[in-house]
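**Student:** Heads up: the protein sequence lines correspond to chains A and B, in order.
All letters in the first sequence, in the order written, are residues 1 to 301 by my numbering.
All letters in the second sequence, in the order written, are residues 1 to 501 by my numbering.
Check the hints yourself; a few may be wrong.
Cβ pair distances, simulated, as ranges [said to hold, decoys possible]: (1) B:Gln213 with A:Ala63: 22 to 30 Å; (2) B:Tyr374 with A:Leu61: 38 to 46 Å; (3) B:Arg336 with A:Pro265: 50 to 58 Å; (4) A:Pro178 with B:Gly180: 38 to 46 Å; (5) A:Ser75 with B:Gly180: 39 to 47 Å; (6) A:Phe296 with B:Ala162: 18 to 26 Å; (7) B:Ala474 with A:Ser75: 22 to 30 Å.
Within a straight-line C-alpha distance of at most 27 Å, the following computed BS3-like cross-link-like pairs (lysine-lysine) qualify [unchecked claim]: (8) B:Lys30 with A:Lys298; (9) A:Lys152 with A:Lys166; (10) B:Lys370 with A:Lys12; (11) B:Lys370 with A:Lys144; (12) A:Lys298 with B:Lys114; (13) A:Lys298 with B:Lys370; (14) A:Lys152 with B:Lys202; (15) A:Lys144 with B:Lys114; (16) A:Lys144 with B:Lys29; (17) B:Lys30 with A:Lys144; (18) A:Lys98 with B:Lys202.
No lab work stands behind these hints: they were computed from the structure.
All of these numbers come straight from a predicted model, not from anything done at the bench.
We put the beta carbon where it would ideally sit given N, CA and C, even for glycine.
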Amino acid sequence: MHKKNTFLQKLKAWVNGEDTLLHADEYIAKRKQPQPKQWLRSPSVEKIKSNRALYSFLCVLVAMVFITIMMVVVSELPTFGNASNPGNNEVMERYLEKGIEETGAINFVAGMILDYRAFDTFGESNVLFLAVICVLMLLRRDSKNISAAEEKEIAEDEALDAVDHKSILQVGAKYLSPVIILYGIYVILNGHLSPGGGFSGGSIVGGGLILYAAAFGHQSVQRFLNFRTFTWISVGCLLTYFACKSYSFFTGANHVGYTIPKGIPGHILSAGFILPLNICVGLIVACTMYGFYALFTKGDI
Amino acid sequence: MEHINWIHNIPFFSIFLAMFCGIITPLLKKGSIARMVHTGMLCVVFCMSVLLLLNVYQNGESFTFMMGHFPAPWGNELRAGPLEALMAVTFSAVMLLTTVGGASFIAHDVVPEKQNFYYIMLNALFGAMLALTYTNDIFTAYVFIEILTIASCALIMAKGTAQSMVGTTHYLVISLLGSGMILFGVSILYSITGQLLFPQMKEAIIQLVASGQYTFPLLVVTGFVFIGLAIKSALFPFHSMLPGAYQAAVPTSSGVLSGLVLKSYILLGIKLIYSVFSVDVMLQLKIIDILFVFGLAGMVMGSVYAMRETRMKRMLAYSSVAQIGYIYMGIGMASRIGMVAACFHILAHAVTKSMLFLCCGQMVEDSGGKEQIYYLRGAGFRNPLAGIGFTVGALSMVGVPLFVGFISKLYFATASVYAPGKMAAVLIVLGISMVLNALYFLPSVIAIWTPVKKENETQTRISVSPAFGVCIVAFVFLNIMLGIYYRPFIRIIEMGIILLQ
């Protein structure tokens with residue numbers, strides 16, 4: 001630490017944040033010394049920097065300012081559900097009036113996110129994929145981020161898990177997880193007919209898998225979902241999505257033939273690409289959910 | 001079957017090719033294969049972008065590309081003109097040189113079994129930057145901002161050290177603050193305009209301003225969107241995440257993040273100014289003046305911080321803050337020539353800063369991993385190529401004629417004449433900032449060319465990987481070429497900005 005005689009040096013120390021790094025021993029030693037009473041109140045930089053009250057006050061102040069601004073904005077926004085709102089324009093009209101005819105999906109939301117604005121949803125499923133890859137990068141055990149002690153700890157944990165019976169959880173999971181997964185599959189497959197779709201159904205399936213893994217251990221899930229299958233499912237689904245949408249974007253933009261039958265609205269096999277896309281998105285979401293759980297608890301899939 | 005205009009498909013092909021390579025990379029077993037796929041993708045995108053640039057420049061046109069079967073207000077859309085094409089060319093060229101030149105850092109710093117994950121992130125990052133460049137839809141822009149955020153955090157943490165975790169966390173928190181503000185802005189903007197595509201939104205905003213409706217929400221929204229973009233592109237008061245992150249990351253990541261990722265947010269901002277908020281509305285709302293003031297502050301403060309640094313990577317990070325300040329100053333002048341200068345500076349800084357980070361990383365590695373400038377004395381003799389690269393980059397940043405940095409500063413000074421009331425401020429701050437730049441860049445250049453005598457150690461020549469050598473030579477060549485032969489680029493940018501309006 002440098003001397004802090006002139007104002008400039010003090011400012012430098014403050015900007016560097018040197019003074020916040022007090023060692024515990026130094027702090028205790030300093031605290032025990034009788035403090036000479038200062039009659040002149042000199043503004044000390046350390047005091048300002050370590051003044052938690054000031055920070056809390058500023059936090060509350062900034063938050064209050066933002067809350068006020070947001071409140072005023074919200075109060076000036078168009079009333080919810082008003083027929084003359086700017087949102088109720090020709091865009092909404094066409095989505096609602098011609099949605100079934102143009103996309104073949106009875107669920108307008110599915111038609112919107114997977115047909116009218118499918119590019120955004122492609123981006124969103126990539127966000128999920130990248131998030132899980134990111135967590136893999138961070139948490140998957142490799143030669144660098146794990147020590148022998150940690151490995152021993154994990155082995156102990158697994159041994160403890162094996163002798164732990166968890167009867168209530170196991171019985172519950174045994175009957176519940178198939179039902180949950182089945183319901184998730186229903187939500188995915190019915191995405192174009194009723195509320196639901198890939199994102200919601202996929203997270204239900206993922207929840208079922210997590211319940212199963214929590215009750216019966218990772219080994220039992222690894223019988224059908226190991227790292228290899230996990231990669232293949234995620235990549236396969238994204239590639240299918242990619243292929244369908246490139247075909248549709250390419251033909252749509254260049255006005256060349258596009259011959260995907262839309263089927264009869266209301267039937268399960270209808271709505272062109274929306275059903276396969278929902279299945280792809282659902283599988284990606286389910287894998288991502290389970291992948292997060294597995295990586296955070298065990299460090300591997 | 002109608003005639004297909006293949007040139008108009010190039011933006012779509014580039015984005016989807018980058019995303020495709022990102023998706024298939026987990027299936028590749030080895031990092032080296034992933035690197036080849038990435039390099040090949042960049043080469044293809046570079047060639048396509050050059051083709052697109054030549055085509056739109058010759059025809060003097062910009063076009064929109066319908067993503068799907070539904071026209072503008074209903075479906076997504078891409079838009080490409082000379083400016084977008086030039087930026088795509090720059091991004092792909094700089095990305096190619098940085099990742100090829102920095103491949104040895106990746107092979108060295110990232111754990112072998114995770115190298116292909118690193119390349120997934122690079123591919124996705126590139127795809128997202130292209131999407132931000134070409135998008136004509138504000139929600140698409142937001143989605144790809146998310147991808148860019150995730151990918152940049154992954155690139156910082158790839159090294160896996162404790163320091164890089166701290167850097168990543170800091171970067172993540174500040175980036176998410178920016179994304180959150182942009183999302184708030186976008187959602188409120190949607191509820192007062194009812195549109196998401198740029199051209200329709202612009203019409204709606206002009207109508208709102210003319211009729212005097214929703215004045216306060218419009219002001220807040222504009223503020224949120226531009227402050228969000230400023231946070232993401234590390235404008236002065238929001239720059240605190242840069243030094244820690246760039247210091248801890250692999251040099252390749254630092255080069256890509258500083259040279260390109262920050263610029264893609266600024267480019268989106270420029271597109272928003274012209275095609276959504278329109279210059280008149282921006283001037284009326286005074287947002288552009290706020291950006292101008294913060295730009296000026298950043299120019300000086302970034303350099304002041306950089307002068308105080310003893311570690312070279314942190315110094316470069318603070319220098320980025322100053323350069324971002326230059327760009328925002330150019331935008332804030334609110335004249336076309338100011339904007340041209342800002343766009344040219346995006347180019348100049350991308351070319352220069354990526355090279356500086358690569359050379360700096362190489363010199364630090366040759367000097368035994370010590371980052372302080374003190375230990376880098378003589379690094380230029382240990383690795384002459386990196387030394388020359390660093391010198392050229394430093395001179396360019398200072399603004400010495402013949403290098404690209406000079407041209408953009410010249411244009412900034414020229415633009416100030418056309419900005420009434422801002423001329424004195426621009427010229428004075430530009431002068432101060434250039435002197436400060438010289439005050440921290442030149443000592444480090446002198447330091448790396450100061451020979452040190454070591455008694456116990458014989459001077460061992462460090463072998464330079466051929467890829468690094470080729471890339472640094474290409475960077476130096478590019479720098480000097482842009483510094484001498486700059487007029488065509490200025491013309492392209494001018495045409496692009498006129499077409500954007």
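**Student:** Could you run down the list of hints and mark each one as holding or not?
**Tutor:** Comparing the hints with the structure gives:
1. Against the hinted window of 22 to 30 Å, the Cβ-Cβ separation of Gln213 (chain B) and Ala63 (chain A) comes to about 29 Å, which satisfies the hint.
2. Take Tyr374 (chain B) and Leu61 (chain A): their Cβ atoms lie about 42 Å apart, and the range 38 to 46 Å holds.
3. The hinted window of 50 to 58 Å between Arg336 (chain B) and Pro265 (chain A) holds, with their beta carbons roughly 51 Å apart.
4. Distance hint for Pro178 (chain A) and Gly180 (chain B): a CB-CB separation of about 39 Å, consistent with the stated range 38 to 46 Å.
5. At about 21 Å, the CB distance of Ser75 (chain A) to Gly180 (chain B) disagrees with the hint of 39 to 47 Å.
6. For Phe296 (chain A) paired with Ala162 (chain B), a C-beta distance near 19 Å keeps the hint of 18 to 26 Å intact.
7. For Ala474 (chain B) paired with Ser75 (chain A), a C-beta distance near 57 Å fails the hint of 22 to 30 Å.
8. About 24 Å separates the Cα atoms of Lys30 (chain B) and Lys298 (chain A), which keeps this hinted pair within 27 Å; it holds.
9. A distance of roughly 23 Å separates the Cα atoms of Lys152 (chain A) and Lys166 (chain A); the hinted pair therefore holds under the 27 Å criterion.
10. A threshold of 27 Å between alpha carbons decides the hint, and for Lys370 (chain B) with Lys12 (chain A) the separation of about 23 Å falls inside it, so the pair holds.
11. For a cut-off of 27 Å, the pair hint linking Lys370 (chain B) to Lys144 (chain A) stands: about 21 Å separates their Cα positions.
12. Restraint check for Lys298 (chain A) and Lys114 (chain B): the C-alpha separation of about 18 Å stays at or below 27 Å, so the hint holds.
13. As the CA atoms of Lys298 (chain A) and Lys370 (chain B) are separated by approximately 36 Å, the hinted pair breaks the 27 Å bound.
14. The hinted pair formed by Lys152 (chain A) and Lys202 (chain B) fails the criterion: a straight-line CA distance of about 61 Å is larger than 27 Å.
15. Distance hint between Lys144 (chain A) and Lys114 (chain B) is fulfilled; the C-alpha atoms sit about 11 Å from each other, no more than 27 Å.
16. A threshold of 27 Å between alpha carbons decides the hint, and for Lys144 (chain A) with Lys29 (chain B) the separation of about 19 Å falls inside it, so the pair holds.
17. Proximity of Lys30 (chain B) to Lys144 (chain A) is assessed by CA-CA distance (about 18 Å); at most 27 Å being required, the pair is judged to hold.
18. For the hint pairing Lys98 (chain A) with Lys202 (chain B), the CA-to-CA distance comes to about 26 Å; that is within 27 Å, so the pair holds.
When held up to the earlier numbered hints, the structure conflicts with 5, 7, 13 and 14 and fits the remainder.
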